[in-house]
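Given only the sequences and the hints, what does the whole structure look like? Please build it.
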Amino acid sequence: MLRYTVRRLGQLVIVAVVLSILLFGWLRALPGGPVSALLGERATEESRAQLVEQLGLNQPLYVQYWKFVQRAVTGDFGVSTGVQPGTPAMEVFLQRMPATLELSVLALLLAVAVGVPLGYFAGRRQGGWLDNLSITWSLIGVAVPVFFLAFLLKYVFAIELGALPASGRQEVSINATHATGFYTLDGMLTGEWDAAWDAFLHLLLPAVALSTIPFAVIFRITRASVLDVLEEDFVRTARSKGLSARVLRGRHILRNAMLPVVTTIGLQTGALLSGAVLTEQVFNITGIGQALSLGFQRQDYAVLQVVILATAMVYVLVNLVVDLTYAAIDPRLRER
Amino acid sequence: MVPGTQRGKRIDELAESGSDGSAGISLAASAWRRLRRSPTFLVGAGIIVAFVLLALVSPLLAQHDPALRLLEDQVSRADNSIPAPQEDFPLGGDQYGRPLLSRLLLGSQQTLLVALTATVLGLGGGLTLGILAGAFGGWVDTVVMRVVDVLLSVPSLLLAVSIGALFQQQSRFTVIIAVATVQIPIFGRLLRGTMLAQRASDHVLAARALGVKQRSVVFRHMLPNALGPVVVQATLMLAVAIIDAAALSFLGLGAADTSTPEWGQMLGSAQNFFDTHPHLAFWPAGCIIVVALGFTLVGESLRDALDPKKRR
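Those protein sequence lines, which keep their order, are chains Z and L. All residue numbers for the first sequence refer to my numbering, where the first residue is 1 and numbers rise by one. All residue numbers for the second sequence refer to my numbering, where the first residue is 1 and numbers rise by one.
Think of the hints as simulated: they come from the structure by calculation, not from any bench. Heads up, a few of these hints could be off.
Anything over 12 angstroms on all C-beta distances counts as not near chain L; from chain Z, calculated [to be verified]: (1) E46; (2) Q70; (3) I140; (4) L243; (5) R255; (6) L273.
Part of the chain Z face toward chain L, derived, beta carbon under 8 angstroms [as the list claims (entries may be wrong)]: (7) V144; (8) F147; (9) I159; (10) H178.
Just so you know, even glycine gets a beta-carbon here, dropped at the ideal spot from N, CA and C.
Below is the structure:
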């Protein structure tokens, strides 16, 4: 187990190094660059050269990369040039991260809370009306572009019905204290319950839009997994032993069927982050998704680097934890 | 999961050939037998066939030049500059006053073309990586799989957006490359898994023992047997490609507005008019959803048909 863990951690480091090199080269290959982004197209040659000097862009690439690594390990990713000019990129990331995290976690909770039970019951009654209905729902869900669904929800529930807020993270009129940056949590911590509730309402529509794809995937995996487990010998044995339906459900079926589901939930982090870029755009939420699309438009290397590296690391870490949990449960997996 | 599936397939085949005494029914024939009876497949295939036909005849159906501006001649500028439906123009015009129905019809061609090209490119790249890793193993496998790991560790849309941003001008070509890049690691990892399972299988060991050349072992004995899941994935990827291309357009990284319309781009550029003229988004979105659904249905039913556990 220890060897397996060390090997997987080694892989994580390799991914981080390779990704940072790729990212570094790739961002510098982008057209434009921070100099034009900062100064505009009509800047004088002199001010241009000065800025290039100041940003260290005139040094050879490997020198720039090495300096980048040296600073990055201390958490210094340079200063934002386009998204929030003048602010350290790390700070931009940290300021925006809670919004995306809040949104993603709520979306994932929704997907799990609906997908797992639905998948379980659909699997138990294969071919029943609930099964057919949820399969149809999940198939359509995957075929709908996330941003269109977001638009649709916003149009129906926010604009036409006026039931929920259409954009942002919180009403401006609510003068809430922000201690952690997680607006829902902030409200609860400071006892400003109306602020927390308002922040939660703002999250609802985007979270529902964001949850469709993870929901569909989690539902299908749970269902398939329940069907697999139902055919296993040990379930038949347990049944013939005369175990009560409750023990059979809880201990034998659900528990064994959940293993692949846990893996899938890990893999869905990537889908959530991709979806967040689109939903944040539609609902005008200042999260890292929005920072990314802005970063690309304005060629903000510093912000792009920290955001892409951090999201990739989160993704790899989540999957590492999932794999380790899995290996702890099933020793066969450690061999390879 | 993959090795088990492959093993199950072979045992199944053995069992079949043993039971009826004949040479056995090939996997493809048995899959087709079940596909024909699957309503999922029939609906999905029906949708795809209908849209492919539509795309082929759309130049005949579209009554107007997609770049025609209704505003100048037929319609007054009074109504917020977006022409309402009228006799010759059943869906009215888009935000530039161009005929929506004709653009929608002609858009089917570009949309299918973008999805198909991107998936073929993604499949090609993925096959190359998968064959390299799966056939040779060892350090080749390690290197290829680390590259795949890195590509997979970046969320798909971010990867597409970054690739898209690399190109100076926004064009359909950029979108295709970006969408294909997202697919390469997915196909690569999938094929590697099935190839590795083949490497350890009895028929490949037998071929090796008989002294069959390496190239022949890889391309004639391993690859054909490893392709099943890849075909399923490719069908599903066509749906993903359509949606991803639309997402890129939405983020402003799609093709710049051209005279040849495409649904993703129509949907992307309709976003600013969503509050006032939602129909501009509904039509292309509806088309995208239906076609993506068609590919998804076919992919899912193919997967079921090829699933050895369900073979009878």
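ask   = Does the CB of Z/V144 sit less than 8 angstroms away from some CB of chain L?
value = holds, 5 angstroms
inquiry  = Just want to verify: Z/E46 was marked as not at the interface with chain L; is every Cβ pair farther apart than 12 angstroms?
reply    = holds, 26 angstroms
key: Minimum beta-carbon distance criterion (8 angstroms), Z/I159 to chain L   = It holds, given that the least Cβ distance between Z/I159 and chain L is near 6 angstroms, below 8 angstroms.
ask   = Does the claim that Z/Q70 lies outside the interface with chain L hold up, using a Cβ gap greater than 12 angstroms?
value = holds, 22 angstroms
message = Holds or violated: the hint that Z/F147 contacts chain L, with Cβ atoms closer than 8 angstroms.
response = With Cβ-Cβ at 5 angstroms, under 8 angstroms, it holds.
task = Taking the shortest Cβ-to-Cβ distance between Z/L273 and chain L, state whether it exceeds 12 angstroms.
result = violated, 4 angstroms
Status of Z/I140, Cβ more than 12 angstroms from any chain L Cβ = Not fine: 6 angstroms to the nearest Cβ puts Z/I140 too close to chain L.
Hint validity - Z/H178 Cβ closer than 8 angstroms to any chain L Cβ = Hint violated; Z/H178 Cβ to chain L Cβ min 27 angstroms, cut 8 angstroms.
ask   = Since Z/L243 was said not to touch the interface, does its Cβ keep a gap of more than 12 angstroms from each Cβ of chain L?
value = holds, 25 angstroms
request  = Report holds if the minimum CB distance from Z/R255 to chain L is greater than 12 angstroms, and violated otherwise.
outcome  = For Z/R255, whose nearest Cβ neighbour in chain L is about 19 angstroms away, the distance exceeds 12 angstroms, so it holds.
The structure shown violates the earlier hints numbered 3, 6 and 10.
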